[in-house]
Structure formats: C-alpha cells, structure tokens
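2 protein chains.
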Amino acid sequence: MPRVLALETHDVRFPTSLTLACSDAMNPAPDYAAAYAVLRTDGPDELAGHGFAFTIGRFNDVQVAAIAALAPAIVGADVDELVADLGGFSRRLVGDSQLRWLGPETGIAHMAVGAIVNACWDLKARRAGLPLWRLLCDLTPAELVALVDFRYLEDAITPAEALDLLERGAEGKAARILELTAGGYPAYSTAPGWLGYTDDHLAGLLRQVIGEGFGQVKLKVGGSVQDDVRRLALAREICGPDYLIAIDANQVWGTGEAIRWIRQLAEFNPAWMEEPTFPDDILAMAQIRRAVAPVPIAAGEHVANRVVFKQLLQAGALDVMQIDATRVAGVNENVANLLLAAKAGIRVCPHAGGVGLCEAVQHLSFFDYACVSGTMDDRVIEWIDHLHEHFVSPAVVRDGRYIAPTAAGNSMEMRADSIREYSYPDGPAWAGNAVRTLGNQP
Amino acid sequence: MPRVLALETHDVRFPTSLTLACSDAMNPAPDYAAAYAVLRTDGPDELAGHGFAFTIGRFNDVQVAAIAALAPAIVGADVDELVADLGGFSRRLVGDSQLRWLGPETGIAHMAVGAIVNACWDLKARRAGLPLWRLLCDLTPAELVALVDFRYLEDAITPAEALDLLERGAEGKAARILELTAGGYPAYSTAPGWLGYTDDHLAGLLRQVIGEGFGQVKLKVGGSVQDDVRRLALAREICGPDYLIAIDANQVWGTGEAIRWIRQLAEFNPAWMEEPTFPDDILAMAQIRRAVAPVPIAAGEHVANRVVFKQLLQAGALDVMQIDATRVAGVNENVANLLLAAKAGIRVCPHAGGVGLCEAVQHLSFFDYACVSGTMDDRVIEWIDHLHEHFVSPAVVRDGRYIAPTAAGNSMEMRADSIREYSYPDGPAWAGNAVRTLGNQP
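So the protein lines, in turn, are chains Z and B.
Residue numbering for the first sequence follows this note's numbering, beginning at 545 and increasing consecutively.
Residue numbering for the second sequence follows this note's numbering, beginning at 545 and increasing consecutively.
Misleading hints may appear alongside valid ones.
Quick partial rundown of chain Z residues pointing at chain B, CB under 8 Å, derived from the structure [as the list claims (entries may be wrong)]: (1) G601; (2) L643; (3) I782; (4) P785; (5) L788; (6) G798; (7) I803; (8) F822; (9) V851.
Computed beta-carbon distance windows for the label pairs [to be verified]: (10) Z:E625 / B:R804: 29 to 37 Å; (11) Z:V769 / B:E705: 23 to 31 Å; (12) Z:Q808 / B:D624: 41 to 49 Å.
I should point out that these hints are in silico values taken from the structure, not numbers from a laboratory.
Only a predicted model underlies this, so the values are computations on that prediction, with no experimental measurement involved.
Beta carbons are placed, not taken as given, at the ideal position from N, Cα and C, and that holds for glycine.
Please take these sequences and the hints and turn them into a complete structure.
Written as structure tokens, this is what we have:
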C-alpha cells in the first residue's frame, strides 16, 4: 500500500530574457520558469509524479511556495485511493474554503492546485505504464464525467449532456487511436514571429518552418501598426496567399484600439487574432469579435478557469479555445474545457511553448481527438522548438506534426541535471547572470 | 531625503474558526488573517506605512511571501518621489510583465500589490498628518484622475469623463466634509446573521443591533432553503416589515439553483441578494438579476479588479457595488471602482468585517461622499464588531454610524502586541491551538 512520502519543489528558471526570443508586445523580457513539483512515494523508484506551473520569471518563488503549501493535502495519502478518485481529490483541493479565498479558482493559488493535480495524473499514468493520453482514452465516458467539477457549469453543460457527448465521442475511438499513433497531430510554429526579431531574421525563419512542413505560423503584433503591417506583408509574400498566419497581441489593447488595429491587419487574412485584450474581459472580446468579423478570435493561455471559458462561449466571444496545461486546475479542469468546446462546436488549439507546455498539453489534444471531438479539422497545437532538451521525454514534432507520446506519464518530468543547473538563484546557470528582481530588469 | 529602508512582513492569524462566528454557506470555518506589511523609512519613527491583505487562514503564508517578493520594487525608494506619484507607482507594479503572468490582476499577486500600495498611502497620509479620506479630499480632480489605471476601462469611462465627474463631485465638498465630520456615515450589521448561530442567538442579536441604532442587518443564507425561510421569517417578525434585511449566499449556487432559491426568499423583501454565484460569472449574475427582479443584486468582496466591475455594470448584473479595501490593487484601483459606480449611477456599499477591513474601507466611503457620488442615499458600510481591539486607531461605530476617522494614516496599523500574540504559527495565541493545515481542519 504505497503512500505519498513527500512533496518536493524546485524553483527552475531559464534566462531567456538574455535573447529576444519570446518577446511580445506585453512581455518584452520573460525568463521562462517552472514552479516544479515531485510527489515522492514509497513504491519502487519510478513511482514519482511530476507536475509544474509555468511562469515567466519573477514570483516563480511565490508560485513554488504556493505549491509547497499544499503538502498537507497530499503527503501521507494512500496512492491507490488517491489515483482511484482524482475527480474527488481535485474538487476537494479547488473547493477548500480557506484556499478559495485567494482566488476563487484563479491566479497563484489555482495554478498551485493545477501543478499538484497534474503530478497526480503523472503518477497514475506511470503506474498504468501508459502515456497520459492513452490512460485517458481507457477511461469510460462515466469515469471521464466523474473527473469534472460541474459547479457553475450547469447552465452550459450538465453531467448528462457530458456523458452523452462522450458516449458519442467513443464511437470509432480505437481507429482514431491507431491513426494518432501512426500519424500524430498537426502543429503550428510560433518560432519566426517574436516581436524582437529583425525582418531578415523573420524571413529566414519563415522559410525554415515552411520547409520543415508546418502548415501554420504565428506572428506577434501590437507594438506598432506600421511594424505589424510591414511584417505581415513580408510574411504573406514569403508564405503565399493561402498559408495560415495567426497573429497575437498578448492583451495589449483596449476595446476600441483593438478594433481599429485589427481592421488594419485584416487584409492579411489572419488565421486567428489571439488575445486582443484583457483575458477576463468577456464583453470586450465579444464586442471585438463582432466588430472585426470574419477574423476569428482566439484566447485561453490566460483564462483562469472553466467558468471564464464558459462565458466566452456563451457571449459568442471565441472561435478558438486555447487551453493551457498549467494555467487551470490540471487535467480535470481541462477535460471540462474540452467538453465545453465540444458542446459549443468550437475548435481547440492549445497554447504551448514556454517551458514544457508542449510536453504537457499534447496529451490533451490527442485525447480530445480520440474521445471527445473526433476531429482534427483546423486544429493545431502550438510548437516552439525551445527548452525541450530539459525534459526526460521531450515532445517531438516531425514534418509539422506532433508524434504521439509513448513514454509512461504526462511528459512533464524535467531532467535532474537541468533542475540542478537552472535552479534559481543558486544554480550554475545563474552564476554569471544578474539575478532578476523587480528593481533589476534586463 | 528619507528612503524606504525595509519592507517588514508578518503572518498574523486569529483562530476565529474555534467559534462559529463568521460561518457562512461557503466558508464554514475561517481563521481571519492578515498578510501584513510595514514600510520602514529612515524618517522619524512615525514615518512608517502599514498595509495588509485579508485572507481567511490557509495560504496566508503564501500571501505574505508574495508581499515580501515585492521588496525590490519599493526598498530604497525615495519617499518624496514615491508618494508624489502613487498613480505611476501602482501602474508600474500592476503592469510588471513577469508579475502579471501570475494573474493578470487577480489572486495572490494582485492582492500583494494592493497591500504595498495601501501601505504607501498610509505613509503619504501620515506625512501629511491627515486621515486617508481627508488626504484624498485634498487632491484636485486632475490629481485624482492621475491615480487611475484606465487600461481596459476606456469603453466604460475615459479620463476626460472621470475629470468631469470629479469636477462636478467637488462642488459642495467642504460642506459635505463638515457633515461627515459631524455625523459620520451609515453602517449595517452582519453580526446577527452567521449561519452557525441558533435561532435564539439570531433573535437576541437582532434585537441588540436594532437597539444599537443600525438601520440594516445582513443574514447569511444558502445552507438549506427551509432554514433560510425560517430564519428570515423570524428576522422579519423581530425587525418589522420595513426594516432593511440583506441576504448573502457567498457564491454557493449555480445559475438555475440561485434563481429557484432566491424566488423562495423574495417574499421577505431582501434589501439585497449578495454573491448568488461565482464572482467572475458576469453573465450568470446578469441572468439571475433579470430573473429575480426587483431583488437587488450585490457583489464585490471577491471581484478581483476594475475590469470585472466594469463588466458587471455593462451587463446590467449589479445594483450594489461592494468594494473591498484589500482585494484589489489598493486605493488607486478603488478610486477607479468608485468612478465606474458613479458613472453608472449605482450605489457603493463596501464589504468589511474580516480583520481590519472596516478600518481600511471606511476612508473610501467618506471620500466617495465628499468628492465623487455626493450622496449617502441607500448607502451603508458593513460593520462587524470583531477584532477592532487589535488596531491602533480602531474604526468606531456609534448609533449605527461610522464616526469619521481623525488619526493620520489609513487606519490599517495593527498593534505591535497583537502582531506578536497572533503571529502564526509561533505566537502565544496559537500555542494551545492545533495549527491549521489542509489536512487538519477544525
């Protein structure tokens, strides 16, 4: 009867702000970071569970403290009981009344719950000897429904409707699993489009990713209209008129400014317009979408919970749901998000990149195709070829497609030597670099 | 040229869960707590600034860590420069791109900014020798506009509209300040209505607060309809048909359940229905308000920022804005909230109670009457006679009205002996009590 012996945490940061990779209109100089958690058990060595919250530098230590503060909820738990009811476990954590005061269900406290819940799923998948997506595929529709917290969702989807969706989604599942295993899932590349890049660098990278087989790219916008127009014209020239080019403003605009700005970029026929404004501003997003139609609106990397996604769908504010593996309360809440999208009939194109987000979120899209939506039409997972070397089972993209993960677990395990090297502020990688504080920004 | 020498923090918790005071349908056993911050300067002794975030127990340590992590943004600052531009200072903190990732503008990170911004206002008011509300009254309309972060607000209120509102609000200001000084501001009492109280206890407390001169009380609801109906019938019998009785469900319902439940309580003519559902569910709140009209809908203690308040007003979801002194990014964001309410023509009835929330928020209502709304009609500040003895300048309510604060500062300074006594987990007050963790709840 194995037990959870310890919750180990690490503050791991990569000095990505030293280059201008990852620069956008809102985030000029992020240091990609993981508030990293390991559940140690007294089973055999491999029975550990790994999870993390992704941040962009400062306050990663606070995120780590929040994860560590959840130790009393998990240390000492009977592993068999724990993994047998991850729906109940995650509802108890999310619903803890004192913890909830710090949200509810948003920000640092909620992301801490997500890291722990994801680590539990890693543990469960390793015990089953399956990659997370295959483990999820083996659950029955009723077992999947039991994972979801329907509190505040029932005006959009009921447990009975979810069960019905999943029963229909299970038809043909075996064939789709084979198809995923053989052919993977489409990816798109954000690599060429960072705001800090010169036009020449942008052009070179665009040619490169097209050559690598990607069917879509994404460019950051929102610094200046003139720059955006010039860069998009260049991209259209290189990619051709029908190639998919999404654009992303990372929340820098107010409503009126967004509408004026997007109208000036609409001639370049964007595949979608991502994060035009504040992520919780549901009414603004809906107004922007109506005003710039038919430009599709995408958002999600900063959507804190299923209730905000629910409203974005109810308000007609969203064409593309961009789930994120570590923003919400882990796998369970993302199953809720996938069900909301399926019910509304909108596509899910996950946010990834960062540190380990490709690794983590791919499992959810593979599961979605096999068991929920049953379609890959117009669906792509974000891909940035960056920092994968720090993971034990890195995500792999070939010919513009994610290859189905096969290693047991959720792919979030970071290499022990990377954790040592990039531990903040004492790891060797930080020895030659100025420590990043609010008063000391590059 | 005084400088900020240090940011001192304390984890202060009161074992309120040992009684059933403070129990409601969502929060059965809170331990009221303050993540407390002091800005020490090298001016004379009294030149310190005090602020805190209010939490209800667990994770107060994480909230303290978040406040402490902001030290590099404030320690070393020139105090004259700092207090001369608190608008710029708060916009820089709120807008820090790496910090913003953990929100944006919500949860632990945002409340940490609020504690620091409030401490800066305390420092500024002490230097001026004025209570915070009087200091705010001395600012010109243009200076007040400069405090506000209009990002994401301009579809509801522009700087020019705010200036116009404040210029009109300033007319007759001197007379209203005299009126406040002489007669104070109306309070309402939540003391009788906690869910854990017996009917006899409820009845006794209702008679007591009516005798003390309060014109309104609030009862917690949402445990069971039968109990709510019985308690409200009892309250109506004691208070009479015209006495103001507000009710508060603390977010426990989904949309449909809220509508069904409120309709069963509507016969008791509630003064308002507070927090019927999830605080970020703007569309649900609007739907509930339409369905249960004319019952007024109130919310705000869990509204994370001005953008959510903006939407609640735009969606027609709110009759009563319940600002909270420590939920948002401090005084500056609450000035924005007061302006939004004034523009929309709805009343502001602040959330208080907790630890020191009465002390902190009273200044904002006094300022609102003097300089913004110019009215006290149907407006009341929450009052719970609890834990005030721990503050150096406690809020005072007499004959059902808050007495105008006269001590210099924002009234958030806690007594040094209280901080020592209730420091968690090592203060003497916790020596005889079980330490509260997720695994060890009373």
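Evaluation of the provided hints:
no.	hint	verdict
1	G601	4 Å, holds
2	L643	6 Å, holds
3	I782	30 Å, violated
4	P785	34 Å, violated
5	L788	27 Å, violated
6	G798	5 Å, holds
7	I803	10 Å, violated
8	F822	5 Å, holds
9	V851	5 Å, holds
10	Z:E625 / B:R804: 29 to 37 Å	36 Å, holds
11	Z:V769 / B:E705: 23 to 31 Å	26 Å, holds
12	Z:Q808 / B:D624: 41 to 49 Å	44 Å, holds
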